[in-house]
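Participant: Okay, here's what each chain looks like letter by letter:
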Amino acid sequence: MEQLAFYVFAAIAVLAGLFILFSKNLVYGAFALFLAFLGVAALYILAGADFLGVAQIMIYVGGVLVLLIFGIMLTRKLVSHDPTAHNRVEVATGRTAWGAIIGSLLFFGLLKIIFQADFLMSGEEMISRSTIKTIGVELMTSHLLPFEVAGILLLVALVGAAYLAVHRNPVQP
Amino acid sequence: MIPLHHYLIVAAALFCTGLAIAITKRHFIGILLGIELMLNAVNINLVAFSRHDPEKLSGQLFALFVIVVAAAEVTVALAIILRVYGRYNTVDPDEVNDLKK
Numbered sequence: 001m002e003q004l005a006f007y008v009f010a011a012i013a014v015l016a017g018l019f020i021l022f023s024k025n026l027v028y029g030a031f032a033l034f035l036a037f038l039g040v041a042a043l044y045i046l047a048g049a050d051f052l053g054v055a056q057i058m059i060y061v062g063g064v065l066v067l068l069i070f071g072i073m074l075t076r077k078l079v080s081h082d083p084t085a086h087n088r089v090e091v092a093t094g095r096t097a098w099g100a101i102i103g104s105l106l107f108f109g110l111l112k113i114i115f116q117a118d119f120l121m122s123g124e125e126m127i128s129r130s131t132i133k134t135i136g137v138e139l140m141t142s143h144l145l146p147f148e149v150a151g152i153l154l155l156v157a158l159v160g161a162a163y164l165a166v167h168r169n170p171v172q173p
Numbered sequence: 001m002i003p004l005h006h007y008l009i010v011a012a013a014l015f016c017t018g019l020a021i022a023i024t025k026r027h028f029i030g031i032l033l034g035i036e037l038m039l040n041a042v043n044i045n046l047v048a049f050s051r052h053d054p055e056k057l058s059g060q061l062f063a064l065f066v067i068v069v070a071a072a073e074v075t076v077a078l079a080i081i082l083r084v085y086g087r088y089n090t091v092d093p094d095e096v097n098d099l100k101k
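As they're listed, the protein sequences go chains G and V.
Note that my numbering gives residue 153 to position 153 of the first sequence, counting from 1, and the numbers run on in steps of one.
Note that my numbering gives residue 10 to position 10 of the second sequence, counting from 1, and the numbers run on in steps of one.
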């Protein structure tokens, strides 16, 4: 049962990624990315990372994806005045072919590496229990400095993004 | 228990798809979609290896920090894209090829 769920969610994530690659409409691509994020969150939970799965859904689906859809809507090309016109992105076919070729070459290279690698695991496999306590204790003890730095990074990113977006043209006063 | 190789293969497939998206799309937001997919693929690897480290969970903590950095990156990138769109009136990276007008 767990195996079946793993393969179903993995197939959802990979197929959604391929849909983004081959679809011309970027709004559909953003919604396919939503599906891919949900699939990845399910893979996290199947790997025993329950807190990370919830964080993935909250941050990526609730925050990042909304921002991306806002971006797509704000940068629409006003070629026609028809509000129902599709938000198409024209891609030359040669370019898609090159992208697919480079991506599949890298994929087969990575497959070769994965099957040749012989991973020696030091610890036992995790039994299914909640990881929230461990993550909280680790964040507040041995990973305290990265935690603080992440907080400062988020503050700086917010201030910088607000500055960039509000002052439309700081070059000319 | 699902073997580690299967997680690695799924992550490799997602990473390669994200790379192909990032180098194919002719739209700044499309490139961002590809980058987000690549970051997620890397996170799958970290979480899969973290299963064998139940005391410390270093992989999951790393994945948490990657998520934070990705959120910050998207905010700043979106602001920059809006500025570029306001100045050049285009979202095609091929057409934005001069540094200063």
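Just so you know, these hints were derived from the structure itself, not from any lab.
Treat the hints with care, since some could be wrong.
To be verified - Derived lysine to aspartate or glutamate pairs resembling EDC-like cross-links, with alpha carbons at most 16 Å apart:
(1) G/Lys133 to G/Asp50
(2) G/Lys133 to V/Glu55
(3) G/Lys24 to V/Glu55
(4) V/Lys56 to G/Glu138
(5) G/Lys133 to V/Asp53
Unchecked claim - Looking from chain V toward chain G, a few residues come up when the C-beta cut is under 7 Å (computed):
(6) Thr17
(7) Gly30
(8) Ile31
(9) Leu33
(10) Ile35
(11) Val42
(12) Arg51
(13) Pro93
(14) Val96
(15) Leu99
Just so we're clear, the structure is a prediction, and the values are computed from it rather than from any experiment.
Glycine residues also receive a C-beta, built at the ideal position from the N, C-alpha and C atoms.
Participant: Does each hint hold? Answer for all of them.
Facilitator: These are the hints, each one checked on the structure:
1. G/Lys133 to G/Asp50: holds (11 Å)
2. G/Lys133 to V/Glu55: holds (11 Å)
3. G/Lys24 to V/Glu55: Distance of about 46 Å is beyond 16 Å: violated.
4. V/Lys56 to G/Glu138: holds (7 Å)
5. G/Lys133 to V/Asp53: Between G/Lys133 and V/Asp53 the Cα gap is close to 15 Å, so the pair holds against 16 Å.
6. Thr17: holds (4 Å)
7. Gly30: Since the shortest Cβ distance to chain G is 6 Å, the answer is holds.
8. Ile31: violated (11 Å)
9. Leu33: holds (5 Å)
10. Ile35: violated (11 Å)
11. Val42: Violated. Min distance 11 Å.
12. Arg51: With a minimum Cβ separation of about 5 Å from chain G (threshold 7 Å), the hint on V/Arg51 holds.
13. Pro93: Violated, because the Cβ-Cβ distance from V/Pro93 to chain G comes to roughly 12 Å (cut-off 7 Å).
14. Val96: This interface hint is violated because 12 Å lies over the 7 Å limit.
15. Leu99: Since the shortest Cβ distance to chain G is 13 Å, the answer is violated.
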